Amino acid sequence: MGRDTFNILFYLRRNKLLKDGTVPIFMRITINGKRWDSSLQLGVDLNNWDAKKERTMGNDEGSDTINNKIESLKFRLHRIKTNIEEEGKTMTIGLVKTKFLGQEKLQRTIIQLFKSHNDEFKTKVGVKITKATHVKYVTCLKHTQDFLRKVYKVDDLPISEIDKDFYEKFEFFLLTEKKCAHNSTIKYILNFNKIVKIAVEKGWLIKSPYREMGYRLEEVDKPYLTIEELNSIIKKEINVKRLDIIRDVFVFCCHTGLAFSDVKELTFENIQVGVDNNKWIIKKRHKTNIVSKIPLLDTAAKIIEKYKNYPRSNNETLLPVPSNQKMNGYLKEIGDLANIKKVLTTHTARRTFATTIMLHNGVNMEAVSKMLGHTSLFMTRKYAKVDEYFIAQETEKIRKIFN
15 MGRDTFNILF YLRRNKLLKD GTVPIFMRIT INGKRWDSSL QLGVDLNNWD AKKERTMGND
75 EGSDTINNKI ESLKFRLHRI KTNIEEEGKT MTIGLVKTKF LGQEKLQRTI IQLFKSHNDE
135 FKTKVGVKIT KATHVKYVTC LKHTQDFLRK VYKVDDLPIS EIDKDFYEKF EFFLLTEKKC
195 AHNSTIKYIL NFNKIVKIAV EKGWLIKSPY REMGYRLEEV DKPYLTIEEL NSIIKKEINV
255 KRLDIIRDVF VFCCHTGLAF SDVKELTFEN IQVGVDNNKW IIKKRHKTNI VSKIPLLDTA
315 AKIIEKYKNY PRSNNETLLP VPSNQKMNGY LKEIGDLANI KKVLTTHTAR RTFATTIMLH
375 NGVNMEAVSK MLGHTSLFMT RKYAKVDEYF IAQETEKIRK IFN
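For the numbering used here, count along the sequence shown from 1 and bump the result up by 14.
Simulated from the structure, these hints should not be mistaken for lab results. Quantities reported herein were computed from a predicted structural model and do not represent experimental measurements. All residues carry an ideal CB built from backbone N, CA and C; glycine is no exception. Keep in mind that the hints are not guaranteed to be accurate.
[To be verified] Here are the simulated DSS-like pairs of lysine-lysine, each with C-alpha atoms no more than 30 angstroms apart in a straight line: (1) Lys221 <-> Lys164; (2) Lys320 <-> Lys250; (3) Lys322 <-> Lys340; (4) Lys384 <-> Lys356; (5) Lys150 <-> Lys201; (6) Lys88 <-> Lys183; (7) Lys298 <-> Lys142; (8) Lys83 <-> Lys103; (9) Lys193 <-> Lys178; (10) Lys83 <-> Lys129.
[What the hints assert, rightly or not] So the derived label-pair ranges between C-beta atoms look like this: (11) Val377 <-> Ala146: 24 to 30 angstroms; (12) Trp50 <-> Ser390: 53 to 59 angstroms; (13) Val139 <-> Thr190: 30 to 36 angstroms; (14) Thr112 <-> Thr19: 16 to 22 angstroms; (15) Asp78 <-> Thr112: 27 to 33 angstroms; (16) Thr190 <-> Val377: 42 to 48 angstroms; (17) Glu251 <-> Gly343: 19 to 25 angstroms; (18) Ala146 <-> Asp179: 14 to 20 angstroms; (19) Ile125 <-> His196: 32 to 38 angstroms; (20) Lys316 <-> Glu191: 47 to 53 angstroms.
With the hints as extra help, turn the sequences into a complete structure.
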């Protein structure tokens with residue numbers, strides 16, 4: 015038995031004009047000499063059609079839409095052909111037509127579902143999720159759209175096209191085209207997989223290929239400052255006012271463990287008397303809405319007092335905190351001045367609080383977790399580093415017992 019012939023042709027039906035004066039585009043599928051013609055429900059200017067390449071020659075948005083539609087149909091039809099071959103069925107016009115029209119009728123697309131998810135997420139910002147979480151999914155959607163246009167030459171694809179190969183191509187695209195680091199790539203794939211899981215729950219996809227891929231986040235040695243490094247920043251003479259302010263905000267974060275968004279929102283109302291009759295910082299975290307309760311250490315209290323009467327845009331805030339971009343830019347200058355080789359950010363300050371200020375001074379992990387406003391000890395262990403210094407301290411207790 016000879017090999018089946020399978021051809022796809024896109025052509026213009028020149029003897030029939032649409033109402034806008036354009037010529038309708040048709041698709042013809044020919045299998046073993048039998049054919050099926052179907053309209054794309056799109057029209058094109060006769061002079062703008064390249065019959066040899068079977069596409070429009072324009073660079074405008076309308077031409078792009080037509081060309082993307084053609085590429086999408088080609089991809090779908092070849093996928094149908096492959097599926098029929100894998101099923102061991104006889105290739106016929108009737109079978110291809112049935113599968114094609116069935117998909118058309120029950121079409122569920124990746125971008126359509128992703129946009130629907132993001133629109134729903136947007137309504138939950140400030141209630142169940144943070145703005146930052148919503149932004150992550152918006153960015154992931156954009157990367158997915160760019161990926162489909164670059165790799166598949168389409169604006170959208172049916173959910174059914176998501177398989178192991180799709181994940182592998184998406185990962186490679188993020189690493190090469192978007193220049194994402196390994197962990198950033200995996201996080202985007204995790205976000206995308208949330209959309210795939212929704213499709214599985216709705217019965218539009220049999221299963222997610224994610225578990226088969228074996229994705230793992232790499233352990234990253236995130237920096238924190240030793241007490242010597244922190245003191246070198248505190249004692250460094252800085253005559254530039256903007257850098258002096260940033261140094262104070264950074265040191266304040268090192269002694270409170272507050273994230274950038276939380277210290278920026280901090281007001282006098284957040285300073286309250288705690289269970290020990292001393293001043294505490296009591297505030298809901300901007301990111302998780304979980305309440306952090308942090309004893310106010312002397313260094314942090316002195317910084318608040320220093321800026322008590324300092325002019326700022328919002329008189330209710332405790333400290334004159336700039337934008338995150340400026341903060342990190344100025345911290346780089348401070349690091350150079352203090353000869354600190356580690357990258358200084360507010361995240362570095364938060365880890366310094368957890369490890370150097372708290373853990374190294376005997377505060378247990380559970381208490382550190384409460385002060386950081388974490389929902390689990392797993393998160394806290396990412397910040398509070400059990401290093402050689404802490405091990406030496408704990409071992410010293412054993413030495414005293416046995417000596």
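Status of the hints after comparison with the structure:
1. Lys221 <-> Lys164: 25 angstroms, holds
2. Lys320 <-> Lys250: 17 angstroms, holds
3. Lys322 <-> Lys340: 22 angstroms, holds
4. Lys384 <-> Lys356: Distance of about 27 angstroms is within 30 angstroms: holds.
5. Lys150 <-> Lys201: The hint holds at about 9 angstroms.
6. Lys88 <-> Lys183: With a Cα-Cα distance of about 19 angstroms, the restraint between Lys88 and Lys183 holds, given a limit of 30 angstroms.
7. Lys298 <-> Lys142: Measuring from Cα to Cα gives roughly 14 angstroms; hence the hint holds.
8. Lys83 <-> Lys103: 28 angstroms, holds
9. Lys193 <-> Lys178: Given that 30 angstroms is the threshold and the Cα spacing comes to 22 angstroms, the pair holds.
10. Lys83 <-> Lys129: 19 angstroms, holds
11. Val377 <-> Ala146: 24 to 30 angstroms: 28 angstroms, holds
12. Trp50 <-> Ser390: 53 to 59 angstroms: For Trp50 and Ser390 the Cβ distance comes to about 57 angstroms; the hint holds.
13. Val139 <-> Thr190: 30 to 36 angstroms: 32 angstroms, holds
14. Thr112 <-> Thr19: 16 to 22 angstroms: Check passed, 19 angstroms falls within 16 to 22 angstroms.
15. Asp78 <-> Thr112: 27 to 33 angstroms: Distance hint for Asp78, Thr112 holds at roughly 31 angstroms.
16. Thr190 <-> Val377: 42 to 48 angstroms: 44 angstroms, holds
17. Glu251 <-> Gly343: 19 to 25 angstroms: Hint holds: Cβ distance 21 angstroms, inside 19 to 25 angstroms.
18. Ala146 <-> Asp179: 14 to 20 angstroms: 32 angstroms, violated
19. Ile125 <-> His196: 32 to 38 angstroms: 26 angstroms, violated
20. Lys316 <-> Glu191: 47 to 53 angstroms: Since Lys316 and Glu191 have Cβ atoms about 49 angstroms apart, the given range 47 to 53 angstroms holds.
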